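> Now for the letters of each chain:
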Amino acid sequence: AQSVTQLGSHVSVSEGALVLLRCNYSSSVPPYLFWYVQYPNQGLQLLLKYTTGATLVKGINGFEAEFKKSETSFHLTKPSAHMSDAAEYFCAVRTAGGNTPLVFGKGTRLSVIA
Amino acid sequence: EAQVTQNPRYLITVTGKKLTVTCSQNMNHEYMSWYRQDPGLGLRQIYYSMNVEVTDKGDVPEGYKVSRKEKRNFPLILESPSPNQTSLYFCASSLLAGPTPFFGPGTRLTVL
Numbered sequence: 001a002q003s004v005t006q007l008g009s010h011v012s013v014s015e016g017a018l019v020l021l022r023c024n025y026s027s028s029v030p031p032y033l034f035w036y037v038q039y040p041n042q043g044l045q046l047l048l049k050y051t052t053g054a055t056l057v058k059g060i061n062g063f064e065a066e067f068k069k070s071e072t073s074f075h076l077t078k079p080s081a082h083m084s085d086a087a088e089y090f091c092a093v094r095t096a097g098g099n100t101p102l103v104f105g106k107g108t109r110l111s112v113i114a
Numbered sequence: 001e002a003q004v005t006q007n008p009r010y011l012i013t014v015t016g017k018k019l020t021v022t023c024s025q026n027m028n029h030e031y032m033s034w035y036r037q038d039p040g041l042g043l044r045q046i047y048y049s050m051n052v053e054v055t056d057k058g059d060v061p062e063g064y065k066v067s068r069k070e071k072r073n074f075p076l077i078l079e080s081p082s083p084n085q086t087s088l089y090f091c092a093s094s095l096l097a098g099p100t101p102f103f104g105p106g107t108r109l110t111v112l
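Residue numbers (the working numbering), protein chains in the order written: chain Y, 1 to 114; chain D, 1 to 112.
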């Protein structure tokens, strides 16, 4: 069975600092990997995804993530945090090629301090 | 515009009063699913459907029913809601072999 672990339920960074949100997954077959963002009182917005090809994936709002198969990781980064990045972030995994569910991590709340 | 719609967006109800949350997609997707989101638990799958008349349980199906009579619609039914079903619910759809689910805007349900 697939699972996703997000390290840190709450991460605080200063404005302008590097954002690093960690995600590790377990999957017995090649995965599809996703990061979603949820702003307060809003729905889910897809930030970026890895399906095949280049392992460094660029998303919206300056975020990127790198699929590292050897480490079973898909960490989300942004070089310089902005106040508007404050939100909850979810990592999710889905088995490639199948009609399988999207399995979510428990989420990481990002706070940005001025 | 390709989208997944949910209705209602907000609902406050009382214990035991049957309710239905509708979900509709206009992308001809075979795969549809329902998730609930609770603080500290992320999103967990309730039920899913791979096509018309084909449904199956997800991780947290107790207290819920679904049906898939048409490809575009996948309603979530709570026959006797209880306070522990107070949650934020998301419907999602995707192609059967496609990687990326499309999510609806969410339905915030409060059961008193």
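Rather than coming from a laboratory, the hints here were simulated on the basis of the structure. Errors might be hidden in some of the hints.
[As the list claims (entries may be wrong)] Okay, derived cross-link-like pairs now, DSSO-like style, lysine-lysine, Cα gap no bigger than 27 Å in a straight line: (1) Lys-106(Y) <-> Lys-69(Y); (2) Lys-17(D) <-> Lys-57(D); (3) Lys-17(D) <-> Lys-106(Y); (4) Lys-49(Y) <-> Lys-69(D); (5) Lys-106(Y) <-> Lys-58(Y); (6) Lys-69(D) <-> Lys-18(D); (7) Lys-106(Y) <-> Lys-65(D); (8) Lys-49(Y) <-> Lys-106(Y); (9) Lys-58(Y) <-> Lys-68(Y).
Treat the numbers as computed from the prediction; the structure is a model and nothing was measured.
> Look at each hint and say if it fits the structure.
We went through each hint and held it up to the structure:
1. Lys-106(Y) <-> Lys-69(Y): 21 Å, holds
2. Lys-17(D) <-> Lys-57(D): Given that 27 Å is the threshold and the Cα spacing comes to 23 Å, the pair holds.
3. Lys-17(D) <-> Lys-106(Y): Answer violated: Lys-17(D) to Lys-106(Y) is near 30 Å, above 27 Å.
4. Lys-49(Y) <-> Lys-69(D): 31 Å, violated
5. Lys-106(Y) <-> Lys-58(Y): Holds: Lys-106(Y) and Lys-58(Y) sit about 23 Å apart, inside 27 Å.
6. Lys-69(D) <-> Lys-18(D): 20 Å, holds
7. Lys-106(Y) <-> Lys-65(D): 24 Å, holds
8. Lys-49(Y) <-> Lys-106(Y): 18 Å, holds
9. Lys-58(Y) <-> Lys-68(Y): Given pair Lys-58(Y), Lys-68(Y) holds - Cα atoms ~15 Å apart, limit 27 Å.
The structure is inconsistent with the numbered hints 3, 4, although it conforms to all the rest.
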